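Assemble chains D, R and G onto chain Y, guided by the hints.
Chains as they are written, first to last, in this note's numbering: chain Y, 42 to 455; chain D, 42 to 455; chain R, 42 to 455; chain G, 42 to 455.
Derived from the structure by calculation, the hints contain no laboratory data.
Treat the hints with caution; some may be incorrect.
As the list makes no split between identical chains, a pair holds if one copy fits it or if it spans any two.
[Said to hold, decoys possible] With a Cα cut of at most 20 Å, we get these calculated DMTMM-like pairs of lysine to aspartate or glutamate:
#	residue 1	residue 2
1	K309	E137
2	K309	E147
3	K239	E184
4	K369	E184
5	K309	E126
6	K369	D131
Values in this document were obtained by computation on a predicted structure and should not be read as measured data.
One letter stands for each residue in the lines below.
Protein chains: 4
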Amino acid sequence: MTVSREVELSGHIIDSGMMQTCFGAIMDLGGSFEVEEFRIGRHETQESYARLTVLADSEGELRTIVHELHQNGANPAHPVDATLEAAPADRVVPPEFYSTTNHPTEIRHEGEWLPVERIEMDCAVVVEPDTRRAYTRVLSAIEAGDLVVTGETGIRVQPPSRPRGREGAFGFMRGGVSSERPSTSTIGKVADAIAETKREGGSVLAVCGPALIHSGAREALAELVREGYVDALSAGNGFAVHDVERDLYGTSLGMDTENLDHPRKGHKHHIYAISEIIRAGSIPAAVEEGLVESGVMYECVAGDVPYVLAGSIRDDGPLPDTITDAVKAQEAIREQAHAADMVLMLSTLLHSVAVGNCLPSTTRVVCVDIDPATVTQLLDRGSAQAIGMVTDVGTFVPILTEQLLDGDRRALDE
Amino acid sequence: MTVSREVELSGHIIDSGMMQTCFGAIMDLGGSFEVEEFRIGRHETQESYARLTVLADSEGELRTIVHELHQNGANPAHPVDATLEAAPADRVVPPEFYSTTNHPTEIRHEGEWLPVERIEMDCAVVVEPDTRRAYTRVLSAIEAGDLVVTGETGIRVQPPSRPRGREGAFGFMRGGVSSERPSTSTIGKVADAIAETKREGGSVLAVCGPALIHSGAREALAELVREGYVDALSAGNGFAVHDVERDLYGTSLGMDTENLDHPRKGHKHHIYAISEIIRAGSIPAAVEEGLVESGVMYECVAGDVPYVLAGSIRDDGPLPDTITDAVKAQEAIREQAHAADMVLMLSTLLHSVAVGNCLPSTTRVVCVDIDPATVTQLLDRGSAQAIGMVTDVGTFVPILTEQLLDGDRRALDE
Amino acid sequence: MTVSREVELSGHIIDSGMMQTCFGAIMDLGGSFEVEEFRIGRHETQESYARLTVLADSEGELRTIVHELHQNGANPAHPVDATLEAAPADRVVPPEFYSTTNHPTEIRHEGEWLPVERIEMDCAVVVEPDTRRAYTRVLSAIEAGDLVVTGETGIRVQPPSRPRGREGAFGFMRGGVSSERPSTSTIGKVADAIAETKREGGSVLAVCGPALIHSGAREALAELVREGYVDALSAGNGFAVHDVERDLYGTSLGMDTENLDHPRKGHKHHIYAISEIIRAGSIPAAVEEGLVESGVMYECVAGDVPYVLAGSIRDDGPLPDTITDAVKAQEAIREQAHAADMVLMLSTLLHSVAVGNCLPSTTRVVCVDIDPATVTQLLDRGSAQAIGMVTDVGTFVPILTEQLLDGDRRALDE
Amino acid sequence: MTVSREVELSGHIIDSGMMQTCFGAIMDLGGSFEVEEFRIGRHETQESYARLTVLADSEGELRTIVHELHQNGANPAHPVDATLEAAPADRVVPPEFYSTTNHPTEIRHEGEWLPVERIEMDCAVVVEPDTRRAYTRVLSAIEAGDLVVTGETGIRVQPPSRPRGREGAFGFMRGGVSSERPSTSTIGKVADAIAETKREGGSVLAVCGPALIHSGAREALAELVREGYVDALSAGNGFAVHDVERDLYGTSLGMDTENLDHPRKGHKHHIYAISEIIRAGSIPAAVEEGLVESGVMYECVAGDVPYVLAGSIRDDGPLPDTITDAVKAQEAIREQAHAADMVLMLSTLLHSVAVGNCLPSTTRVVCVDIDPATVTQLLDRGSAQAIGMVTDVGTFVPILTEQLLDGDRRALDE
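Here chain Y stands alone, though its shape is the one from the complex (with noise of 0.2 Å):
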């Protein structure tokens, strides 16, 4: 027996990979296809159209081509309304729900395109008849009669298609990772699509690890922070730490960034800047009564640039200012990243992570790691426009500063 389903493509489907996806797709799948209309655009700025046939042997395997070209932005030639199923219990889905790819999307509902709200990965989309909004919900925050989608009908999702013409800044941000770039070339790079990113309103999220202070980076990263080019900041509780360290002992991990000396006690500075923090109340409060008078830290709070301190299971102390509830810190963490037009992830896996899952996939990203690895999980996540530069973060942060200020007096001068 041959099942079949007509599915329809339009936009750039050609250069933006989208054919070669849903052809490949529905082979490696078991199906056939039959190519029913194909309009291919005359120039490079015209969109092409195409409508497909696709064939199966079950209704089984169809549905798992037909969910699967529907990721990659194939939809069925005749769409109808997105299936609602109200949520039985608080953080229970109906059993089919839709999960979120982080492409833009939009639901069908009553003939109209809605379009999904706040999109991340891996979530449940809710929708609000009448609001007639719809958008993510992580399972955890789902309640008790939400009205979730489920099944695959109903659904509009729009893989990012390839930058046309002119592209600014950010026209570099593509071929992925390599430790065989030009390394202060494609840091100006990053410096240009950062101050793009300022002059045109947007705001930067700075994603940080403790390496960063380890490296010697802490002094420029301030100055960044203090310059206005950092909007926020998500990091953990160590990065604050050894940031806080700095300021009060002059060592991070107990070296002396400066002049490398290794005072012996040093390896214990960490726990004492811990414990000061705590006595104080927390780092504003430490920063109110004169205790801590520098650092990343210090800059986010005397310029009001907001922060997250989000706990992990590795952390001493940790600092009153953590967020220790993982689910708590994702909330946070996720507010940050909707509001970012720019996010940089600097040496931290971890982190980075927690912020990519909540990024939708036309966030700019540039994300800087020594090990090649962490860079390569990083972008793996079908972002439209990321970075991945594998460098030392303590080379990286200073000489990025020096040419964003460079360019600033440029521009002053101008």
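This is chains D, R and G only, laid out in the frame that chain Y set:
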């Protein structure tokens, strides 16, 4: 002005490296020394003794040096009692509190040396005069009024000395990390060490990352649990999710771990798996109702092997079984760590660091990861009996299991 | 001024990604295009055809674009003969010589399309009008008077297209590198692929690094050679030295690969082993006189399996069997590469790159290394049927051998 | 049966770790010891002395132990002359020849201790009685009749001892590898060390991999050569090819290292660059005729800085300047290594190992690579003054150059 203090070292102070470290520390820190007395053990089984006068240019320098010597096992020649100060408030330690190493430690109280219970690094030491007990407390667990050890006097630290003579299965545990050791022979040694630990009535804690499931080692690990080689399990939400996903859908991260098929809807299986467990209420409930019928978590539930699933900010879900608060999760991990006689760290940096933070330097540790940086970082914590192996956990666990079960049968035959 | 040229694509131009690549290249290089004709294969088995007019602002730009399209399989709509120019001197090619890709290539000569023999990348193509043959030549082998193809016309390149339908044991060879695949299942697939290659009368080339010996895989590899699964071996001086060291002294790099003992004089064994072979005259002579009695080199000599030991500047010795001249060693490796139907690259970057440089894109390649960067670099060469596996060669080879020999016995039983 | 021998140690035998190593070796190898005499240096500037009787169960075991002690600086208490045997044929050493370490070594000949000239590891030692000279010879350079040291007697090895007191710019060179050091401060220390080496009239050898060019550090390195900070260069064919490619075509590996453009024909530039140099005859000839006008090789030619380009089996071309024979290339590298007072190993494993193989343990070494495994492997060779830095060579070299030239100007101002 020159100030001086007398310290003494005793034990296997040469081949443990203690003397070398102390001489080096004095010179590094700008001090000098005179050897007042030196008795060398004439045979390798005899202990040695050294008494030094340490000299420095200022009291500050001298204290730094003496602190450092102290951490390495050199003690004041004329010991006095430790100083105790009451904690002024919950979570607030007295300013000069003593922060622990992970080596066996004693506190001198009213002329008597009390062993510090549950030693682990970066803790305060609390003394209970009534019960004549001393034990560690993490900063976040300090309560107002706790009598906390401050300063450096009256504290004795014993860095691990080199094992003498017959060393049993752990004899091979020296020489640190290597990706160039003979793999299957090394796995055989690890199997021997586990078998020996079990024969001696010891407890084995397995710390497991999700890569273990993706790499196809799930069935072998489940067998180890079922056969009683694993007494406790420490993992994260992701590990349990992918273990259950494999049971429910035959996949891990969407890939069939047996035939390598990649059912295209598979990348949603993990989120469906979470949803199913939430619906059931918990993993034990899901086992109870017959939903989950195999795998590592199943064997833990079936065999009453206690487990801790610690949450993190990158979790999907999370499962109802996951402890989302980092401090509470650390407490649970701490219990596991102190109960363990041998720890297997399998392909997870985050959870291994969390466990490692709570371990005394005397616990046997085997750390396996494909990333040499991870193994180096984990071994770099001063454990006396630790071995690192840079290998593929997906082949390590099956070969280990085979060797243990073979050895088992061999032992039964004898 | 706008200039234009017509190119055409045919074959499975959508699912191979050819059209996507060509469209992208035109836009990246600042050109534009008009689709003059487009016929899509209605079924997945039918080929498609496209004819485009490419436009650019200058003849230079246009040539750059057309060059790029050409490398990706788009050919001028109205082909003419290739241009031939005589090499002016030995090792000197005409200025605009055509430098090859590793894809199947044809040269149009007197109206006829000649297949380029022994295709590999970065070579010149020499045409012999008398014999109507075209073949590759590396620069260092060019002789004065050789008729070398120059320019871009009259050359047809066929990038690999996606396999259709039944794919046999190599079907799993897609999706590139991963350290998160199920290890033993993947090894099973590699075993199947080797078995299939042998069944089809194909030839397997093993490229081996010294880590293979250190990691204890020597005996398993020797067994593969003995059982006829390896038809040729490509390695370096170090591999052979450590293989022989193990035979003569029981160690590799000074460590006993079985009991992990580290006989302290062991670090000199490799240099003694070299000295012994020099004294004997060669490895075959040492086998002949009974000095060497086991191991990979022994099995090669005993079983007449041809091998190449290529020298490098880090060699100790070297052995008399090692080809110390890089150009001569490359020639020997080139012969091996072109004779191979399947290549196993086992834990060596240097030798794998050397072999890979000589391979056409149609040869099956399996690349195994514990360093993901090595695997990525090796797979990044446009082979159509290549798989990378990030695992421990010390467990990979024994498991592979077990599975092949098991399969063997199974096959015999049937 | 117990056999024994007396050995003695003198010097800074405690803080150099010599005693610890010797005690450990005896116990590891199953022996025991009695301390016959022990005089400890009462101050840190005084040397110590120990005389031990080593005991073992058999003469074989005893010899193994004594061999091991010997390698670590313990010498027989009653020295006799070294045994000399004539090499029976070219490249053939007497069976029990002594194979060197890389530590300073002396040979006792007719009652006199001769220093071994050009010490490096894994060599034979040849003594010339007439000239009373002893020097190393690699196996392949041994000639029939050479008087080769055999056995273990009459040989004295001095492992490096810990530097005392003021240590100058190299003081920071302890503590091995870290990716978590403060990067720019560490680079400052390396700059100081280079400046100090030059001030003392020393010679700096730069060992360079092609990644240095790809990562955009070419111009900075060229400046270092031009300004006289590099006295010799050791690299491979690929380094020179990409350096010249950048001069001729503005690209490296086909990418424009300044604006990151990827001219699509670029991936053929390296092969064209080779062809151009072949046509010119050599790099110096190409500089002479004005073809090559900038870059590292250009500055070497222009400034008469000697260089060695060593061939390998992965070379394209190769350039006429490349030494293709590994043994000849090693000889050239050996000359460079022995002439160097400081060696910078920049982003190449192959060439760094080749140079490192020829270095005595007293030469200063700085090793820079983005891969920690490479740095670890290179430092793992017992050099007394070696530092490893895990960082991006593409930012390291520009920052180093800036700091050296800044320091230069500062020095001129004073």
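* Asked: Under a CA distance limit of 20 Å, which applies to K309 and E137: within one copy, between copies, both, or neither?
  -> This pair counts as between: shortest inter-copy Cα distance 11 Å, intra-copy 53 Å.
* To do: Classify it for me, K309 with E147: is the Cα-Cα distance of at most 20 Å met within a copy, between copies, both or neither?
  => between (53 Å within a copy, 19 Å between copies)
* Asked: For the identical chains here, do K369 and E184 meet the 20 Å Cα criterion within one copy, between copies, both, or neither?
  -> Within one copy only: 16 Å inside a chain, 26 Å across chains, cut-off 20 Å.
* Asked: When no copy is named, should K309 and E126 be tagged within, between, both, or neither for a Cα gap of at most 20 Å?
  -> between (56 Å within a copy, 19 Å between copies)
* Asked: When no copy is specified for K369 and D131, does a C-alpha distance of 20 Å or less occur within a copy, between copies, both, or neither?
  -> The answer is within: 17 Å in one copy meets 20 Å, while 24 Å across copies does not.
* Copy assignment of K239 with E184, given that the CA separation must stay at most 20 Å -> neither (38 Å within a copy, 47 Å between copies)
The earlier numbered hint that this structure contradicts is number 3, and it is the only one.
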